[in-house]
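Chemist: Protein chains in written order, with my numbering: chain A, 108 to 705; chain B, 108 to 705.
Simulated from the structure, these hints should not be mistaken for laboratory data.
Source: prediction; values computed, not measured.
Heads up, some of the hints might be wrong.
To be verified - Heads up, simulated DSS-like pairs for lysine-lysine below, C-alpha to C-alpha not over 25 Å straight-line:
#, chain 1, residue 1, chain 2, residue 2
1, B, 253, A, 437
2, A, 489, A, 186
3, B, 437, B, 489
4, A, 571, A, 489
5, A, 437, B, 331
6, B, 529, B, 134
7, B, 529, B, 606
8, A, 529, A, 489
9, B, 286, B, 352
10, A, 489, A, 134
11, B, 112, A, 331
12, A, 652, A, 571
13, B, 566, B, 489
14, B, 437, A, 614
15, B, 253, A, 529
There are 2 protein chains.
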Amino acid sequence: MPEYKSPVRDIKFVMQELLDCETHYQKLGYEDATIDMVDAIIGEAAKFTEQVIAPINQIGDEQGCTWNNGEVTTPDGFKEAYQQYVEGGWPTLAQSIDFGGQGLPHSLNTAISELFSGANHSFAMYPGLSHGALATIEEHGSDFQKNTFMPKLVEGVWTGTMCLTEPHCGTDLGMLRTKAELNEDGSYSLTGTKIFISAGEHDLSDNIVHIVIARIPGSPEGSKGISLFIVPKFNVTENGEVADKNAVSCGSIEHKMGINANATCVINFDGAKGYLIGEVNRGLNCMFTFMNAARLGVATEGVAAAEASFQGALAYAKDRLQMRSLTGVKNPDGPADAIIVHPDVRRMLLTQKSIAEGGRALVAYLAQLVDIGHASKDEAEKAATEAKLALLTPIAKAFLTEVGLECTSHGIQVFGGHGFIKEWGMEQLMRDTKISCLYEGTTGIQALDLLARKILGSKGEILKPFGAEVTAFCVANAGNEAMQEFIQPIMTFGGDLQKMTERIGMKAMQNPDEIGAASVDYLMYSGYLTLAYFWAKMVKVAQDKLAAGEGDSAFYEAKIKTARFYFQRILPRASGHAACVENGAVSMMELAEDDFSF
Amino acid sequence: MPEYKSPVRDIKFVMQELLDCETHYQKLGYEDATIDMVDAIIGEAAKFTEQVIAPINQIGDEQGCTWNNGEVTTPDGFKEAYQQYVEGGWPTLAQSIDFGGQGLPHSLNTAISELFSGANHSFAMYPGLSHGALATIEEHGSDFQKNTFMPKLVEGVWTGTMCLTEPHCGTDLGMLRTKAELNEDGSYSLTGTKIFISAGEHDLSDNIVHIVIARIPGSPEGSKGISLFIVPKFNVTENGEVADKNAVSCGSIEHKMGINANATCVINFDGAKGYLIGEVNRGLNCMFTFMNAARLGVATEGVAAAEASFQGALAYAKDRLQMRSLTGVKNPDGPADAIIVHPDVRRMLLTQKSIAEGGRALVAYLAQLVDIGHASKDEAEKAATEAKLALLTPIAKAFLTEVGLECTSHGIQVFGGHGFIKEWGMEQLMRDTKISCLYEGTTGIQALDLLARKILGSKGEILKPFGAEVTAFCVANAGNEAMQEFIQPIMTFGGDLQKMTERIGMKAMQNPDEIGAASVDYLMYSGYLTLAYFWAKMVKVAQDKLAAGEGDSAFYEAKIKTARFYFQRILPRASGHAACVENGAVSMMELAEDDFSF
C-alpha cells in the first residue's frame with residue numbers, strides 16, 4: 108500500500124497564491140483565518156490524515172462493516188480514529204460559534220476534506236454526512252431543533268445522515284412512501300423504509316441524527332408533497348442528552364463494490380418520533396441547501412482519488428525497472444530503466460496530475476463561492492456567486508468524479524498486473540471512487556440538472572457571470588504572448604460551447620429529448636473547458652512568480668508544463684464530445700424498446 | 108443477479124450471415140462444420156452456459172479460491188461444473204483429431220468462449236489457459252511431448268498454464284531469473300519463482316501442465332536467452348499416466364480486484380523436472396504462437412463483458428420506473444416511466460450494444476483468420492491473413508477491453524446506486540473485466556506493439572492487406588445511396604489515419620518517444636475506425652436481407668439503427684484521440700522526473 112502524503116504544497120498554492128484566501132477571508136469577516144492560521148490548520152490536518160486516517164484505509168476495506176442484530180461494527184481502528192478526530196476538534200472547524208464551532212470558513216474545511224477523502228474515502232464519509240445534517244438544521248431548523256441537536260453534532264459525538272432513497276425511488280423522490288403522521292404533541296410518527304443510508308448505523312457516536320424526507324398524509328402527490336424531518340436514533344431530553352431508543356432500526360447493510368468501511372444501511376422507521384424541519388411540503392427545497400454542499404463534497408472525492416492514485420502510481424513508476432527508453436538507456440547501472448521514462452506511462456501520470464491539480468483549483472474556487480454565499484453582505488456579489496455555484500456544481504460533481512475514476516484506472520494500469528492485486532491499494536481506489544459517480548445524483552442526473560434545469564431553464568442567463576469572468580481573464584491576458592497557448596484554446600472551445608448551447612436550445616424546442624441526448628457529452632465538454640480555465644489561471648500565477656523571482660522556480664515551471672500537457676493532451680478530448688453532441692438525439696431514440704435485444 | 112442469456116441470434120448473424128462461415132469452413136476442409144452442426148453446437152453451448160456456468164458466477168466471486176498448505180480449492184460448484192464441461196466434450200471441440208479432439212474449427216470455439224466468458228469470466232479462464240498450453244505443445248513440441256501431454260489436455264482431465272511473469276519482470280521478460288539446468292537424461296531441472304499464474308493450482312483436474320519460460324545457464328542475457336519448457340505438476344509415466352509429484356508448489360494465491368474464482372498463483376519450481384520445447388533460446392518465438400491466440404481470447408472477454416453488462420442494464424432499464432419522459436408520459440398506468448425512455452439511459456445501453464455487437468463481429472472475423480492460418484493451403488492468402496491478424500490483434504485486445512470496461516461502468520450507472528451493490532452482479536462485471544486491460548500485455552504494450560513494432564516497423568506494409576479490404580468495400584458500395592452515411596465516415600477517418608501515421612513516422616525519426624506518446628490514442632482511434640468498418644459491413648448484410656424480404660425485418664432494422672448510433676455517437680470520439688495525437692510528445696516528456704511532485 109503506497110503511503111498517502113497530503114499535498115500541502117499544492118493546497119497552499121491554490122488557496123493562497125491562486126485564490127488569495129487571505130484577502131477573501133478578511134473581506135468576509137473571517138478575521139481568525141489568517142495565512143498563519145490556515146497554514147497551521149492544514150499542517151495539522153495533514154499530520155492527522157497521514158498518521159491516523161490513512162493507516163486504517165486498507166484494513167477498513169478488508170474487514171468492512173459488520174451487521175449483527177441491528178448493530179453495526181466498524182472495522183478495527185475506526186472507533187479510535189473517530190475519537191481522535193473528535194478530540195482534535197476537527198468536526199467543529201467550520202461550524203457556527205453559537206453551537207460550539209470554531210466559526211472558520213467553509214472553504215478551509217473543503218481543503219481538509221480532500222485530505223481525509225484521499226487517505227480514506229470510507230472514513231471521510233462519516234463526518235461528511237454530519238456536515239450535511241448540520242447544514243440542513245442550521246438553515247431550516249427551529250431554535251428548539253438547533254439547540255437540541257446542533258451542539259453534539261458540532262462536537263462530533265453525534266453524527267448525522269440523510270435519508271432520502273427508498274427501494275422504489277432514488278432519482279424520483281416524488282415517489283416516496285415513508286409517511287409522517289402528526290402526534291398530539293406536535294411531533295410526527297414516521298413509518299417507512301429507507302435504503303442506501305450512508306453511516307446510517309455504526310459504533311462511532313453516541314447518537315445518530317437522521318434527516319428524513321417523508322410524506323404527511325393528505326399532502327399532494329409527487330415532489331410537492333415532501334416534508335423534511337429530524338429523526339434521532341435515540342430520543343433526546345430537553346437539555347440535549349441521549350434518552351430512550353427511538354423506533355429506528357438498521358435492517359441490514361449492503362455488500363458493495365467499495366467504501367466497505369462505511370456502513371450503507373437499510374433503515375426502518377416504525378412509528379419513530381420525528382420533528383418537522385421548515386414548512387410542511389417544502390422538504391425538497393430544504394434539501395437543496397444540503398445537496399449543493401454534498402455535491403461539492405463528492406466532487407472533492409474525485410479530486411482526492413485522482414491525487415491518491417497519482418501518488419501511488421508515481422512512486423511505482425520511479426521505482427519499477429522494466430524495458431529501456433526508446434531514446435537510449437537512462438539507467439545504465441540497472442538491468443532496465445524506471446518505467447517513468449516511457450511516454451505512455453507519463454501520459455497516465457500526467458493525466459492524473461493535471462486532473463488532480465486542476466480539479467483541486469476548481470473545488471477550492473467553488474468552496475470560496477460557498478463562503479461568499481454564507482458570509483457576504485453584498486447582494487449583487489451573492490447573486491453572481493449563486494449563479495456560478497449553480498452552474499459549476501453539477502460540472503464539478505459529475506466531471507471530476509468521472510475523470511477521477513478514469514485516473515484510478517490509470518493508476519492500476521501503471522502498476523500493470525500488480526495494480527489488480529489488493530495489497531497495492533490501487534484497485535481499492537477505483538472501487539471506492541465508482542460510488543462518487545453514483546451518489547448525490549448520478550452523472551446523468553447532474554448533466555440534466557446542468558443543461559435542462561439550469562442552462563436552458565434560465566435561457567442561458569446562468570452562464571453569464573462565470574462566462575464574464577472567463578472572458579475578462581482572456582481579455583486581460585490578450586497581450587501576454589506566453590499566455591496565448593492557454594488563452595486561445597479557451598476562446599475557441601468557449602465560443603464553440605456557446606454555439607453548441609444555442610443549437611441544442613433550438614433543437615430542444617422541436618424535441619425535448621435533444622436535451623437528454625446531449626447532456627452528458629455537453630457536461631464533459633464543459634468540464635474539460637472549465638478545468639482549462641483554472642489551468643490557465645494557474646499558469647498566470649506561475650508566470651508572475653517566476654518573473655518576480657519569488658519562491659521555488661521548479662514548482663512553478665512544473666505547473667506550466669503540467670498545464671501544457673493538459674491543453675495539448677486532455678482538452679482536445681472535448682472535440683470528440685462536441686462531435687457526438689452535434690449528431691443529436693435521432694440515433695438514440697429511433698430504436699424501439701422491444702428491439703434492443705433479440 | 109441478472110440471468111445471462113447466450114446471444115445466439117447475434118452469433119448466428121455474425122458467423123453465418125456476415126462472415127458466411129459455411130463457405131469459409133468448406134473451403135478450408137472443415138467438412139463437418141456444416142450450418143446444422145454449427146447451429147447445434149452453439150445451441151448446446153448456450154444451454155450449458157446458461158444452466159451450468161452462469162449460475163456459479165456470483166458464488167465464485169463471493170467465495171473466491173482458498174489456499175491451504177499449497178492446495179487450492181475452487182468455489183462451490185466449480186469442480187462439478189468443470190466435470191460436466193469435460194464430460195460434455197467441450198475441451199475437445201477444436202483440438203486435433205490425432206489427440207482425441209473433434210477437429211472442428213478454431214472460430215467455432217471462439218464463439219463459444221464468448222458465452223463462457225460472459226457468463227463467468229473466472230470459470231472460462233481455466234479452459235482458456237489449457238488451450239494456450241495445448242497450442243504451444245502442438246506447434247512446437249516433440250512427438251514424445253505431444254503424445255505424453257496432449258491427449259489428457261485435449262480431454263480436459265488435465266489443465267494447462269503459461270508461466271511467464273516473475274516478481275521483477277512482467278513486460279520485460281528478458282529479465283527473468285528462473286533457471287533450467289540440463290539433466291543427464293536430457294530433461295531439465297527448473298528453479299525459480301513465477302507469479303500471476305492463472306489456474307496455476309486448483310482442484311479441477313488430475314494434473315496441471317505448466318508451460319514455463321526459463322534461462323539455461325550460459326545463454327545470452329535478455330530476451331535472446333529464453334527457452335521454453337513443459338513442467339507438469341505431477342510427473343507422467345511413459346503411457347501418459349500421472350506418477351509422483353514434481354518439485355512444483357503453489358506458494359500462495361493473490362487477493363484481487365476481481366476474477367476471484369480463478370486462482371492467481373505464486374508457483375515455485377524447486378529443481379522441478381521439465382522438458383525443453385523447441386530449440387534452446389528460442390522460447391520467446393514459441394511463445395508468440397500462444398500470445399496471439401491468448402490476446403484474441405482476451406479481446407473476446409471485452410466483448411463478453413459488454414454483452415453481459417448490456418443484458419443486465421437492459422433488463423433493469425425496462426423494469427425500473429423513475430421520472431417521466433421529457434416528451435410526455437409513456438406509461439400512464441404506472442407511477443413513472445421505465446427509465447429506458449430517457450435518452451441518456453439509451454445512450455449507455457446503445458453504447459454497450461454497439462460495442463458488444465461490433466466487437467463480436469471483429470473477433471469472429473479474426474477467428475476466421477486464425478482458421479485460415481491453421482488450415483489454408485493458399486500461401487498468398489495465408490500471408491495476407493497473417494498481416495491482418497498481426498495488425499488487428501493488438502487493436503482488438505486493447506480497444507475491446509478498454510471499451511468493454513467502459514461498458515461495464517455504464518452498466519453500473521444504468522442501475523444507479525443499485526449498480527454498486529454486489530447482489531445485482533453489475534459491479535462484479537467491472538471488477539472482473541479490469542484484468543483484461545492488464546494481462547497478456549497491458550493496453551500500453553498493445554499500443555506499442557501496434558504502432559512501433561508492426562506499423563512503423565513494417566514501414567506501413569502491414570496496413571496494406573486490411574486497408575485494401577476496407578477500401579474495396581467502400582468502393583463496392585460507392586453507388587449505394589443508403590450506405591453513404593456509413594461509407595463516408597470510414598473514408599474520412601481512414602484517410603486521416605493514413606496521414607496521421609505518416610506524420611508520426613516522420614516525427615519518430617527525430618524523436619522515438621513520439622511513438623510511445625502517440626501509441627494509445629492511435630490505437631483507440633484505430634479501434635473506433637475498425638469497428639466502424641465492421642458495423643458498415645453488418646449494415647450491408649441487413650440492407651440486403653431487408654431488400655430480399657428474408658428473415659426477421661425487426662432484427663435487421665435494429666442492426667441498421669444500432670450502426671447509425673455507433674457512427675453518430677461513438678465513432679466521433681476518434682477525433683478527440685486524433686487531436687491528442689497531433690499534439691505530440693513534447694508536453695509528455697518535458698517535465699523532469701523529480702518535478703512530478705513537490
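Chemist: The structure should be examined with respect to each hint, and the outcome stated for every one.
Modeler: Here's how the hints hold up against the structure:
1. B:253 <-> A:437: Roughly 44 Å separates the two Cα atoms, so the pair is violated.
2. A:489 <-> A:186: Answer violated: residue 489 of chain A to residue 186 of chain A is near 40 Å, above 25 Å.
3. B:437 <-> B:489: Answer violated: residue 437 of chain B to residue 489 of chain B is near 55 Å, above 25 Å.
4. A:571 <-> A:489: At roughly 14 Å apart (the allowed maximum being 25 Å), residue 489 of chain A and residue 571 of chain A satisfy the hint.
5. A:437 <-> B:331: holds, 22 Å
6. B:529 <-> B:134: Roughly 47 Å between the alpha carbons, so the hint for residue 529 of chain B and residue 134 of chain B is violated.
7. B:529 <-> B:606: Given pair residue 529 of chain B, residue 606 of chain B is violated - Cα atoms ~47 Å apart, limit 25 Å.
8. A:529 <-> A:489: violated, 47 Å
9. B:286 <-> B:352: holds, 20 Å
10. A:489 <-> A:134: holds, 13 Å
11. B:112 <-> A:331: violated, 42 Å
12. A:652 <-> A:571: violated, 30 Å
13. B:566 <-> B:489: holds, 20 Å
14. B:437 <-> A:614: Since the Cα atoms of residue 437 of chain B and residue 614 of chain A sit roughly 21 Å apart, the hinted pair holds (cutoff 25 Å).
15. B:253 <-> A:529: Measuring from Cα to Cα gives roughly 38 Å; hence the hint is violated.
Checked against the numbered hints listed earlier, the structure breaks hints 1, 2, 3, 6, 7, 8, 11, 12, 15; every other hint is satisfied.
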